[in-house]
Amino acid sequence: MAERRPKIIGFCCERHGMDSAVLAARTGKQFDASVRLVQVPCAGRVDGIHILQALEDGADAVFVLGCLEKNCYYDTGSIEARKRVEYVRQMLAEMGIEKERVEMFNAASTNAWAFPEIVAKMVEVAKKLGPIEEGERR
Amino acid sequence: MIVAKRKPLGEIVEMLAPYQKITVIGCRSCVAICLAGGEKEVKMLVSALKIKNRKEGRKQQIDGFVVERQCEKEWVKEVEERILDSDVTLSMACSLGAQTIGDMYPKHLTFPGLNTGMFGVPEEQGVWSEKCIGCGNCIIHTTGGICPIARCAKSMLNGPCGGSANGKCEVNLEVDCAWVAIYDRLKLQNRLDLIENFTPAKDWSTSHSGGRRIYVREDAKLSQHQKKGKEAVQ
Ligand code: SF4
Ligand code: SF4
Numbered sequence: 001m002a003e004r005r006p007k008i009i010g011f012c013c014e015r016h017g018m019d020s021a022v023l024a025a026r027t028g029k030q031f032d033a034s035v036r037l038v039q040v041p042c043a044g045r046v047d048g049i050h051i052l053q054a055l056e057d058g059a060d061a062v063f064v065l066g067c068l069e070k071n072c073y074y075d076t077g078s079i080e081a082r083k084r085v086e087y088v089r090q091m092l093a094e095m096g097i098e099k100e101r102v103e104m105f106n107a108a109s110t111n112a113w114a115f116p117e118i119v120a121k122m123v124e125v126a127k128k129l130g131p132i133e134e135g136e137r138r
Numbered sequence: 001m002i003v004a005k006r007k008p009l010g011e012i013v014e015m016l017a018p019y020q021k022i023t024v025i026g027c028r029s030c031v032a033i034c035l036a037g038g039e040k041e042v043k044m045l046v047s048a049l050k051i052k053n054r055k056e057g058r059k060q061q062i063d064g065f066v067v068e069r070q071c072e073k074e075w076v077k078e079v080e081e082r083i084l085d086s087d088v089t090l091s092m093a094c095s096l097g098a099q100t101i102g103d104m105y106p107k108h109l110t111f112p113g114l115n116t117g118m119f120g121v122p123e124e125q126g127v128w129s130e131k132c133i134g135c136g137n138c139i140i141h142t143t144g145g146i147c148p149i150a151r152c153a154k155s156m157l158n159g160p161c162g163g164s165a166n167g168k169c170e171v172n173l174e175v176d177c178a179w180v181a182i183y184d185r186l187k188l189q190n191r192l193d194l195i196e197n198f199t200p201a202k203d204w205s206t207s208h209s210g211g212r213r214i215y216v217r218e219d220a221k222l223s224q225h226q227k228k229g230k231e232a233v234q
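Going down the list, the sequences are from chains A and B.
1 is the number of the first residue of the first sequence in the working numbering; add one for each residue after it.
1 is the number of the first residue of the second sequence in the working numbering; add one for each residue after it.
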């Protein structure tokens, strides 16, 4: 049987987040195609409910990718996003669900390696943990 | 306002585990302002419970919504059907909301999703602090507008205890000593003479120690006749 492809959702800000993904693609960097990207105007737009709903709807793992904290296009968007990600991680932990399924990353649009590394990390987590459904884990 | 906190999710999950149809109801008043049981918190809780169910393969039907003020029967009445259509209601209002639903529908199960904590104020975004315990006989005009009952760990009435140091309370060094704050405030107001006044032991009969309190305003109360008229309109 073909190996199950992990389901990963990445919320990327339209500035450094998305640009770093585009740069990686343009410069021919390889990364796993299991990740579905959702472009948001700013990482600060991502709310806990968006992350939770992605998990509720079937994602194995979710990440938010914003600008570097001191270089955020909207100044504090990345900082807000990190706090919200942390809150959701705590909620998961309270229910006995691996909080590693949710991560926050920051990247600079000029670093072509950042995006493939983030994807690789999340794919590794998602493969290790498998789907949230207990019965379906290998 | 009333300040509350969401119960730990593990506790909520356990509370709801035996039931199939669950209605989660938040409140748009105090608990929305203290980010415990408003629209967003209800949505996040419902989603979190669904994720937990996804994990455990448990089938529950969970619905969530908010009412304007859960402690008022009129607002609860509007969602009566949705309440009674479920096996259990999880109230994301303060305990007043939960008890209002419970009193209106005594056969129906209503559980608290929040821990109701205090009468407090938002000090800054994300920070709430206690300012009053509802003693029923306010004295803050004599204490520079600062409540020594709620803000002093020992509810001292005549100046600080011996543990006050560097402006902080010995019970919790993160918290300002209420009596230092009172002194500073009275000084600012040129009313330091008040600190010399002796306050006798407080009469707690106006507080909860006198049992459950019921306040009535006769002029606002409806007569039997008026009540009947109102019911007929509804
Ligand atoms: S004196 Fe009583 S009513 Fe006044 S703020 Fe303190 S606890 Fe509340
Ligand atoms: S240190 Fe101040 S606030 Fe704390 S218990 Fe003593 S008098 Fe009250």
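Careful, some of the hints might be misleading.
[Unchecked claim] List time: in silico DSS-like cross-link candidates among lysine-lysine, alpha-carbon distance up to 25 angstroms: (1) B:K5 <-> A:K7; (2) B:K221 <-> A:K99; (3) B:K131 <-> A:K99; (4) B:K50 <-> A:K128; (5) A:K99 <-> B:K168; (6) B:K227 <-> A:K99; (7) A:K83 <-> B:K228; (8) A:K7 <-> B:K7; (9) A:K83 <-> B:K43; (10) B:K5 <-> A:K128; (11) A:K83 <-> B:K21; (12) B:K154 <-> A:K99.
[What the hints assert, rightly or not] Not the full set, but computed from the structure, chain B residues with beta-carbon under 7 angstroms of chain A: (13) K5; (14) L9; (15) G10; (16) R28; (17) M44; (18) S47; (19) A48; (20) I51; (21) K52; (22) R82; (23) G145; (24) R217; (25) A220.
Just so you know, the hints here were simulated from the structure itself, not pulled from any lab data.
Yeah, the Cβ is synthetic: ideal placement off N, Cα and C, and Gly gets one too.
Tested hints:
Taken as a hint, the B:K5 and A:K7 pair is broken in the structure, with Cα atoms around 33 angstroms apart against an allowance of 25 angstroms. A C-alpha spacing of about 53 angstroms is found between B:K221 and A:K99, which places the hinted pair above 25 angstroms, so the restraint is violated. Between the alpha carbons of B:K131 and A:K99 the distance comes to roughly 36 angstroms, so the proposed pair goes past 25 angstroms and is violated. As the CA atoms of B:K50 and A:K128 are separated by approximately 22 angstroms, the hinted pair is consistent with the 25 angstroms bound.
Proximity of A:K99 to B:K168 is assessed by CA-CA distance (about 37 angstroms); at most 25 angstroms being required, the pair is judged violated. Distance restraint check for B:K227 and A:K99: the Cα-Cα separation of roughly 54 angstroms exceeds the 25 angstroms cut-off, and the hinted pair is therefore not satisfied. Straight-line distance between C-alpha atoms of A:K83 and B:K228 comes to about 53 angstroms, which puts the hinted pair past the 25 angstroms bound. Straight-line distance between C-alpha atoms of A:K7 and B:K7 comes to about 30 angstroms, which puts the hinted pair past the 25 angstroms bound.
Straight-line distance between C-alpha atoms of A:K83 and B:K43 comes to about 18 angstroms, which keeps the hinted pair within the 25 angstroms bound. Taken as a hint, the B:K5 and A:K128 pair is broken in the structure, with Cα atoms around 34 angstroms apart against an allowance of 25 angstroms. Between the alpha carbons of A:K83 and B:K21 the distance comes to roughly 33 angstroms, so the proposed pair goes past 25 angstroms and is violated. Between B:K154 and A:K99, the direct Cα distance comes to roughly 40 angstroms. Violation of the 25 angstroms bound is thereby established for this hinted pair.
With 7 angstroms as the threshold, the beta carbon of B:K5 stays out of range of chain A, its nearest partner Cβ sitting at about 12 angstroms, so the hint is violated. Interface restraint check for B:L9: the shortest CB-CB distance to chain A comes to about 4 angstroms, inside 7 angstroms, so the restraint holds. Hint status for B:G10 relative to chain A: holds, with the closest Cβ pair at about 5 angstroms, below 7 angstroms. Below 7 angstroms, beta-carbon pairs count as interface contacts, and B:R28 has none with chain A, the closest being about 17 angstroms; its hint is therefore violated.
The beta carbon of B:M44 comes within 5 angstroms of a beta carbon in chain A, closer than 7 angstroms, and the hint placing it at the interface holds. For B:S47, the interface hint holds, the least distance from its beta-carbon to any beta-carbon of chain A being 4 angstroms, beneath 7 angstroms. The restraint placing B:A48 at the interface with chain A holds, with a minimum CB-CB distance near 5 angstroms, inside the 7 angstroms limit. Interface restraint check: B:I51 against chain A, minimum CB-CB distance 5 angstroms, threshold 7 angstroms, status holds.
Nearest Cβ of chain A to the Cβ of B:K52: about 5 angstroms, under the 7 angstroms cut. The hint holds. The beta carbon of B:R82 is not positioned within 7 angstroms of any beta carbon in chain A (closest approach about 21 angstroms), and the interface hint is therefore violated. The restraint placing B:G145 at the interface with chain A is violated, with a minimum CB-CB distance near 33 angstroms, outside the 7 angstroms limit. For B:R217, the interface hint is violated, the least distance from its beta-carbon to any beta-carbon of chain A being 41 angstroms, above 7 angstroms.
The beta carbon of B:A220 is not positioned within 7 angstroms of any beta carbon in chain A (closest approach about 41 angstroms), and the interface hint is therefore violated.
When the structure is compared with the earlier hints, violations turn up for hints 1, 2, 3, 5, 6, 7, 8, 10, 11, 12, 13, 16, 22, 23, 24 and 25 and for no others.
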